[in-house]
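4 protein chains.
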Amino acid sequence: MKKLILLLPIIIGMAFTFQKKNKVIFFGDSITEAGVKAGGYIVRVDSMCKAEGKSNSYEFVGAGISGNKVYDLYLRMEDDVLVKNPDIVIIYIGVNDVWHKSSFGTGTDADKFEKFYQAIINRLKAKNIKIALCTPAAIGEKTDFSNQQDGDLNKYSNIIRSIAAKNNLPLIDLRKLFLDYNLKNNSENKDRGILTTDGVHLNATGNQFVADQMWKTVKGF
Amino acid sequence: MKKLILLLPIIIGMAFTFQKKNKVIFFGDSITEAGVKAGGYIVRVDSMCKAEGKSNSYEFVGAGISGNKVYDLYLRMEDDVLVKNPDIVIIYIGVNDVWHKSSFGTGTDADKFEKFYQAIINRLKAKNIKIALCTPAAIGEKTDFSNQQDGDLNKYSNIIRSIAAKNNLPLIDLRKLFLDYNLKNNSENKDRGILTTDGVHLNATGNQFVADQMWKTVKGF
Amino acid sequence: MKKLILLLPIIIGMAFTFQKKNKVIFFGDSITEAGVKAGGYIVRVDSMCKAEGKSNSYEFVGAGISGNKVYDLYLRMEDDVLVKNPDIVIIYIGVNDVWHKSSFGTGTDADKFEKFYQAIINRLKAKNIKIALCTPAAIGEKTDFSNQQDGDLNKYSNIIRSIAAKNNLPLIDLRKLFLDYNLKNNSENKDRGILTTDGVHLNATGNQFVADQMWKTVKGF
Amino acid sequence: MKKLILLLPIIIGMAFTFQKKNKVIFFGDSITEAGVKAGGYIVRVDSMCKAEGKSNSYEFVGAGISGNKVYDLYLRMEDDVLVKNPDIVIIYIGVNDVWHKSSFGTGTDADKFEKFYQAIINRLKAKNIKIALCTPAAIGEKTDFSNQQDGDLNKYSNIIRSIAAKNNLPLIDLRKLFLDYNLKNNSENKDRGILTTDGVHLNATGNQFVADQMWKTVKGF
Numbered sequence: 004m005k006k007l008i009l010l011l012p013i014i015i016g017m018a019f020t021f022q023k024k025n026k027v028i029f030f031g032d033s034i035t036e037a038g039v040k041a042g043g044y045i046v047r048v049d050s051m052c053k054a055e056g057k058s059n060s061y062e063f064v065g066a067g068i069s070g071n072k073v074y075d076l077y078l079r080m081e082d083d084v085l086v087k088n089p090d091i092v093i094i095y096i097g098v099n100d101v102w103h104k105s106s107f108g109t110g111t112d113a114d115k116f117e118k119f120y121q122a123i124i125n126r127l128k129a130k131n132i133k134i135a136l137c138t139p140a141a142i143g144e145k146t147d148f149s150n151q152q153d154g155d156l157n158k159y160s161n162i163i164r165s166i167a168a169k170n171n172l173p174l175i176d177l178r179k180l181f182l183d184y185n186l187k188n189n190s191e192n193k194d195r196g197i198l199t200t201d202g203v204h205l206n207a208t209g210n211q212f213v214a215d216q217m218w219k220t221v222k223g224f
Numbered sequence: 004m005k006k007l008i009l010l011l012p013i014i015i016g017m018a019f020t021f022q023k024k025n026k027v028i029f030f031g032d033s034i035t036e037a038g039v040k041a042g043g044y045i046v047r048v049d050s051m052c053k054a055e056g057k058s059n060s061y062e063f064v065g066a067g068i069s070g071n072k073v074y075d076l077y078l079r080m081e082d083d084v085l086v087k088n089p090d091i092v093i094i095y096i097g098v099n100d101v102w103h104k105s106s107f108g109t110g111t112d113a114d115k116f117e118k119f120y121q122a123i124i125n126r127l128k129a130k131n132i133k134i135a136l137c138t139p140a141a142i143g144e145k146t147d148f149s150n151q152q153d154g155d156l157n158k159y160s161n162i163i164r165s166i167a168a169k170n171n172l173p174l175i176d177l178r179k180l181f182l183d184y185n186l187k188n189n190s191e192n193k194d195r196g197i198l199t200t201d202g203v204h205l206n207a208t209g210n211q212f213v214a215d216q217m218w219k220t221v222k223g224f
Numbered sequence: 004m005k006k007l008i009l010l011l012p013i014i015i016g017m018a019f020t021f022q023k024k025n026k027v028i029f030f031g032d033s034i035t036e037a038g039v040k041a042g043g044y045i046v047r048v049d050s051m052c053k054a055e056g057k058s059n060s061y062e063f064v065g066a067g068i069s070g071n072k073v074y075d076l077y078l079r080m081e082d083d084v085l086v087k088n089p090d091i092v093i094i095y096i097g098v099n100d101v102w103h104k105s106s107f108g109t110g111t112d113a114d115k116f117e118k119f120y121q122a123i124i125n126r127l128k129a130k131n132i133k134i135a136l137c138t139p140a141a142i143g144e145k146t147d148f149s150n151q152q153d154g155d156l157n158k159y160s161n162i163i164r165s166i167a168a169k170n171n172l173p174l175i176d177l178r179k180l181f182l183d184y185n186l187k188n189n190s191e192n193k194d195r196g197i198l199t200t201d202g203v204h205l206n207a208t209g210n211q212f213v214a215d216q217m218w219k220t221v222k223g224f
Numbered sequence: 004m005k006k007l008i009l010l011l012p013i014i015i016g017m018a019f020t021f022q023k024k025n026k027v028i029f030f031g032d033s034i035t036e037a038g039v040k041a042g043g044y045i046v047r048v049d050s051m052c053k054a055e056g057k058s059n060s061y062e063f064v065g066a067g068i069s070g071n072k073v074y075d076l077y078l079r080m081e082d083d084v085l086v087k088n089p090d091i092v093i094i095y096i097g098v099n100d101v102w103h104k105s106s107f108g109t110g111t112d113a114d115k116f117e118k119f120y121q122a123i124i125n126r127l128k129a130k131n132i133k134i135a136l137c138t139p140a141a142i143g144e145k146t147d148f149s150n151q152q153d154g155d156l157n158k159y160s161n162i163i164r165s166i167a168a169k170n171n172l173p174l175i176d177l178r179k180l181f182l183d184y185n186l187k188n189n190s191e192n193k194d195r196g197i198l199t200t201d202g203v204h205l206n207a208t209g210n211q212f213v214a215d216q217m218w219k220t221v222k223g224f
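So the sequence lines, in the order shown, correspond to chains A, B, C and D. FYI, in the numbering used here the residues of the first sequence are 4 to 224. FYI, in the numbering used here the residues of the second sequence are 4 to 224. FYI, in the numbering used here the residues of the third sequence are 4 to 224. FYI, in the numbering used here the residues of the fourth sequence are 4 to 224.
Treat the hints as calculated values from the structure; they're not laboratory data. Just to be clear, a hint being listed does not mean it is correct.
Remember, identical chains collapse to one label, so a pair may be satisfied in a single copy or spanning two.
Unchecked claim - Listed below are the simulated DSSO-like cross-link pairs for lysine-lysine, each with C-alpha atoms no more than 27 Å apart in a straight line:
1) Lys193 x Lys115
2) Lys87 x Lys133
3) Lys57 x Lys26
4) Lys40 x Lys115
5) Lys118 x Lys193
6) Lys179 x Lys130
7) Lys193 x Lys169
8) Lys179 x Lys24
9) Lys219 x Lys133
10) Lys222 x Lys133
11) Lys179 x Lys118
12) Lys115 x Lys24
13) Lys118 x Lys130
14) Lys179 x Lys193
15) Lys115 x Lys169
Quick caveat: nothing in here was measured; it's all calculated off a predicted structure.
Just chain A, with the same shape it has in the complex (with noise of 0.2 Å):
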């Protein structure tokens, strides 16, 4: 019996040890390398997490790469991703898919966007790791899809939404959460300024927007 009572310290710390925690790699472009950065998402779900006492499940990594598109995530995965042996990967691309075809002519075509993103998908799969999904929020914030890239950008959503469906994955449809979000908090249609700095990147409510959806999605894994 005294025995027991001198070892149990010992016996809890070994089960915090062996806990191994969920490695989850948020995997995308600026705004995900935004991310790590102060008042960026992953950091605002590192905090929640810590807040809720989690945080020896849990373990954050930014894996964001500014002007990435979905094949350049391709091309790096093994270096950024699967070397670090994930047990979540959050896929955040398409921005640059789409932006980049009116701004530098080197988007990626709509056929070629799933081939890839697929691509990945089974190599995550090949070796079991959990995965979601986001669809890109937004290149301007208007609410009656005249932003100019709109059309472009709810093609490649259904993109994504079809390929969540497909492999049975969950989906974090940020388009349309941030399109509801702005038809309630953007009643003067401004481009910007409302979950964005500048259209495209997170500003403090978005990106404490982003990391509420992030967290939640982690947790219900």
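Please arrange chains B, C and D on chain A, whose structure you already have, making use of the hints.
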């Protein structure tokens, strides 16, 4: 008395002779170029006019050229419109200004679209010509705003709506009318085949639909 | 006699007063807009003119606006050129017609570039204004034709050369002159810094180089 | 002695059996897709190989898909190349990476072109596969560098030349070879019809021209 009776047909004939027809010019792109062909919307306006016994009051002229953007109209308006001394000009432009951005890299900047559009109006107004404006109907007939150019087409339609309001001119809002029609008649969310053959150019239903709007507007002046 | 002597200076003064200066308008884009600033090519032409004691014969006016393409010149030529009754107009346009294809999707089709260019010339000719044409010098100064827009810039320069020949107008072939200069002075195949600051806009050497060509052409009329 | 004579054909047969053919895969876009059709460059390489009595030494496989860009090759290289265990892979890509910028807004950024190209090479090298690289021959055959994409095509060809040098790999510089041929055989500066049907895809002369280069390179390994 006898004399008068004899003169009557002559007087009536003179009346017809002196009654100037209202010359209506439809000024636009390939959609309008096709309008003067069999089954085209201008041919249909002409038929409706005749059926209503008003062929002595109106004369319809097509001035559409394939691939035209707003600045092409401005360049050729002297030769193709002003020299013909029209009473009414209906401007129907905007599809290529948006579309050619992604297909050739030669679309029209939004601010310049507005400038050239206003410049056309100014020159028509200076000649006391009556004017009506059309918004560009569609590049793709999907109803969920997921046609690639929907955002930009909405943006340019907003510009035209604003020009119509500023200049106090009648607006034929084909963009809105096509969407409303598709919401009722395109439950499968198809990208063509409802009012267009290819998402842009009018099929028989589309030509009649546009003709109805045009004829109503012409009579309204 | 006494009277005449007293009047002589006045008569000479009147002679100078009545000698109309040749008004030279430089009509173009941001390169020309910068031409009237300190160190700009128009300021330098003016200085050379003064240094040669010809300031009573010439007056130089800048009519350059940033971002302008050929059709922008056409649109504003009444207000910015014709109302000023110039004797000579030097057209220097084309960079944005090519460049904006990839950066905004709003460049100018080659056939329309030619049409608008010719339309500008026709209106100037109708007023008996002397005209000189410039080819667009550079978008990147590499000498092995590996600047992204080199092919298109050569194509549009060929169009201008052809217009100059057809209309029997003097050509300031800056495209060729810049290349020749770079072949001698840019042995490292740099994309900027020889005659331009950024591959497009003129540095001090470039402004003087263009000024030399312009001044030579103006005196040649 | 008698036995040996009887065995001889068997031994010779075994020798043939055990002589492994060199499998050569041509990896590319529509130009290579057409290479396996009648008169195509791969068919011609095969014919030359047979004519030289070397058909026991080489086997030729086409792996070209229309519209492919460098990242498409990367995505499908496992299925279409690596599983086939080639001895030699000849990479012939780049036209669409440049061309699709202006025709669809979906070309490839220069830095990413280089990254994906190098990634393909790395994976081939890891399997000890011999590699040769081709520069993209032409988008238009004009010889004065006035084909729209000449500048960009030269830029991407420079990237490939640099990759070949860095990786110490044989280069089939079709870009340079086509230009040299055209300088001799295209005195009218036509944009097609010398080595291509449409400025891009090979005519009979072009297919033989490319076949000659390919066959020379294959034998040189």
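Going through the hints against the structure:
| no. | hint | in the structure |
| --- | --- | --- |
| 1 | Lys193 x Lys115 | between (32 Å within a copy, 21 Å between copies) |
| 2 | Lys87 x Lys133 | within (14 Å within a copy, 32 Å between copies) |
| 3 | Lys57 x Lys26 | within (13 Å within a copy, 56 Å between copies) |
| 4 | Lys40 x Lys115 | between (31 Å within a copy, 26 Å between copies) |
| 5 | Lys118 x Lys193 | between (34 Å within a copy, 22 Å between copies) |
| 6 | Lys179 x Lys130 | neither (30 Å within a copy, 46 Å between copies) |
| 7 | Lys193 x Lys169 | between (35 Å within a copy, 21 Å between copies) |
| 8 | Lys179 x Lys24 | neither (31 Å within a copy, 53 Å between copies) |
| 9 | Lys219 x Lys133 | within (15 Å within a copy, 50 Å between copies) |
| 10 | Lys222 x Lys133 | within (12 Å within a copy, 49 Å between copies) |
| 11 | Lys179 x Lys118 | within (23 Å within a copy, 34 Å between copies) |
| 12 | Lys115 x Lys24 | neither (35 Å within a copy, 35 Å between copies) |
| 13 | Lys118 x Lys130 | both (19 Å within a copy, 25 Å between copies) |
| 14 | Lys179 x Lys193 | both (17 Å within a copy, 21 Å between copies) |
| 15 | Lys115 x Lys169 | within (17 Å within a copy, 30 Å between copies) |
Hints 6, 8, 12 from the earlier list are contradicted by this structure; the remaining hints agree with it.
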